[in-house]
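Colleague: Sequence:
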Amino acid sequence: IFDEVYYGQYISFYMKRIFFLDGSGPPFGHMLLALGGYLGGFDGNFLWNRIGAEYSSNVPVWSLRLLPALTGALLVPMAYQILLELGFSHCAATGAALLILIENALITQARLMLLESVLIFFNLLAVLSYLKFANSQKQRPFSLRWWFWLTLTGMACSCAVGVKYVGVFTYLLVLAVAGVHAWHLIGDRTLSHVRVLCHLLARAAALLVVPALMYLLFFYVHLTLVCRSGPHDQIMSSAFQASLEGGLARITQGQPLEVAYGSQVTLKNVFGKPVPCWLHSHQSTYPMIYENGRGSSHQQQVTCYPFKDVNNWWIVKDPGRHPLVVSNPPRPVRHGDIVQLVHGMTTRFLNTHDVAAPLSPHSQEVSCYVDYNISMPSQNLWRLDIVNRESDTEVWKTILSEVRLVHVNTSAVLKLSGAHLPDWGFRQLEVVGEKLSRGYHESMVWNVEEHRYGKSQEQKERELELHSPAQMDVSRNLSFMARFLELQWRMLTVKSDDSEHKYSSSPLDWVTLDTSIAYWLHPRTSAQIHLLGNIVIWASAGLATAVYALLFFWYLLRRRRCIRDLPEGCWLRWVLAGALCAGGWAVNYLPFFLMEKTLFLYHYLPALTFQILLLPVVLQHVADHLCRSPLLRSVFGSLVVAWYSCACHVFNTLRPLTYGDRSLSPGELRALRWKDTWDILIRKY
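Counting with full-length UniProt numbering, you get residues 1 to 685 for the letters of the sequence shown.
These are calculated hints, taken from the structure and not from any lab test.
The C-beta atom is built at its ideal place from N, Cα and C for all residues, glycine as well.
Incorrect hints may have been included.
To be verified - Label pairs and their calculated CB-CB ranges:
hint, residue 1, residue 2, range
1, F148, L550, 37 to 45 Å
2, L556, T224, 47 to 55 Å
3, G569, I186, 20 to 28 Å
4, N45, N292, 50 to 58 Å
5, E486, W62, 32 to 40 Å
Using the sequences plus the hints, can you model the full thing?
Modeller: So, in structure tokens, the structure goes:
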């Protein structure tokens with residue numbers, strides 16, 4: 001059903017222990033879903049390729065959907081507890097719980113193998129734990145209960161971020177509230193300096209150190225589980241790939257570590273965009289005249305090729321010596337050395353000169369030099385610049401060293417431009433010489449991926465050598481922190497699919513529920529599941545937020561004039577409720593206006609949950625402080641009961657689209673299309 005297709009493939013990867021990269025968020029949420037599959041005995045064998053496909057008998061659907069359902073169900077008592085901890089009545093707390101209970105969109109998300117209900121659970125758990133901690137602070141600071149709730153706050157915040165990156169918004173909200181409380185604590189003259197320092201250190205440890213350690217733990221477990229090579233390997237560096245079982249690790253196992261003169265190497269571009277590729281050449285030459293009328297050198301083409309190929313092999317040559325084999329003992333190449341790169345299959349030298357590149361005329365053409373006996377001498381000397389060196393005498397290392405090749409004659413740097421060459425270049429990627437003055441970029445950095453010590457001086461013997469794999473029984477490991485930092489960086493920078501989707505929407509559509517998502521349609525009947533909210537609750541929650549803002553600023557203005565409409569305790573409770581509920585809505589909603597990604601209605605659900613919590617807060621405030629007579633309170637109470645009855649009626653009316661458990665006639669489906677923008681599916685018989 002809908003995004004179960006997306007999450008299911010990652011669960012299968014976990015079951016088979018295959019490495020994957022998902023740029024949508026950290027791995028904790030995926031691991032929780034995979035835990036359900038593991039407990040249900042799932043073997044990972046299912047093709048997650050089509051919405052509406054029937055699950056095979058080996059897929060434990062109940063187990064896979066259990067955790068989201070459990071966390072979704074726990075939102076109800078947690079909403080009740082949060083209102084109680086904020087100091088509001090049992091009636092208001094019950095109202096919050098009942099509103100969560102009948103919100104159709106939350107029910108839909110919680111019943112499926114999706115992560116929104118898990119994210120909202122940890123968001124609310126963080127808020128609830130902090131409130132319980134803050135209330136314990138007033139009674140018994142540094143007690144076991146005090147430490148428990150403080151630590152649980154940090155752990156819940158870390159779990160929220162670990163499920164999806166947007167969980168950081170709630171984490172920052174909790175930190176902000178904790179910071180304000182800590183600031184007041186510093187000003188408490190009844191506490192000694194040592195006592196205040198202990199309070200601050202405890203908060204820093206629980207709310208900063210514990211979340212950071214837990215976040216690292218998520219990735220440690222993730223990288224321990226997904227230890228085998230998979231389809232996403234090539235996004236990662238050669239060193240990372242070599243740390244996985246199979247794949248590149250099988251190819252590179254036991255390669256010589258130090259690159260020497262005579263070494264045979266493949267050079268992979270570190271940037272890896274638009275696709276991972278290797279420095280490559282072949283017999284074909286650049287055309288004499290390009291399509292735009294510019295001329296070329298007609299030298300042998302040098303490109304970046306996104307597949308393993310024998311034409312990716314190059315030989316590192318000492319300019320002062322003729323042999324193309326490694327001496328005994330090997331003479332390692334160091335930072336700053338001048339080298340020549342000889343293409344293994346054609347024995348031509350890597351070359352660049354003051355001729356414009358085919359697709360990047362501001363850069364130099366890179367070629368393998370062909371001697372046409374004309375006044376164009378070869379310029380094939382390159383200086384090795386090890387970017388990640390620890391000293392100026394460092395040796396060039398296989399996989400580990402990231403290097404730039406700087407042309408001696410022109411100071412141009414070998415660079416992947418990323419442009420696809422026309423048909424004459426076989427749609428391979430353009431490689432150019434870029435002037436150093438134009439700055440540093442990862443597309444200028446290369447690393448040796450495959451490496452062997454060349455032994456054959458004769459060309460025919462060397463060609464056979466290049467075609468055969470090198471095998472030596474030596475392994476190379478990458479530390480956890482190195483793998484974590486690289487994986488985290490790739491997750492943050494990997495380009496996501498930001499194309500328009502049929503059901504994508506903008507944040508402005510969410511508040512007024514002007515959009516819906518068709519999750520599933522029965523293959524034979526009209527039974528279907530839609531992500532649709534309870535329109536009464538959504539409209540009321542938006543109105544409650546506006547009312548709160550108006551009342552807050554009204555009270556604030558009057559307090560500035562020394563007019564106290566509310567007792568100090570009520571005012572502090574009102575402010576804290578607004579900071580957590582209205583603030584929770586704002587921090588989980590407004591950032592989406594700045595995001596350049598495909599957005600869906602379900603992205604609004606964390607913000608909506610905080611808005612729903614604010615609704616009974618405003619209702620109780622109106623009843624307690626604005627309805628000044630018993631008659632007004634009775635009338636207002638009756639209106640609240642009538643309003644809640646309407647919300648229950650809407651929930652029941654939309655129930656068939658929430659659960660998808662019964663077929664509706666075309667007339668019934670049309671009657672449920674309350675807005676023209678709701679995409680209710682009607683079969684044409």
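Colleague: Please write out, lowest number first, the hints stated earlier that are contradicted by the structure.
Modeller: When the structure is compared with the hints, none of them turns out to be violated.
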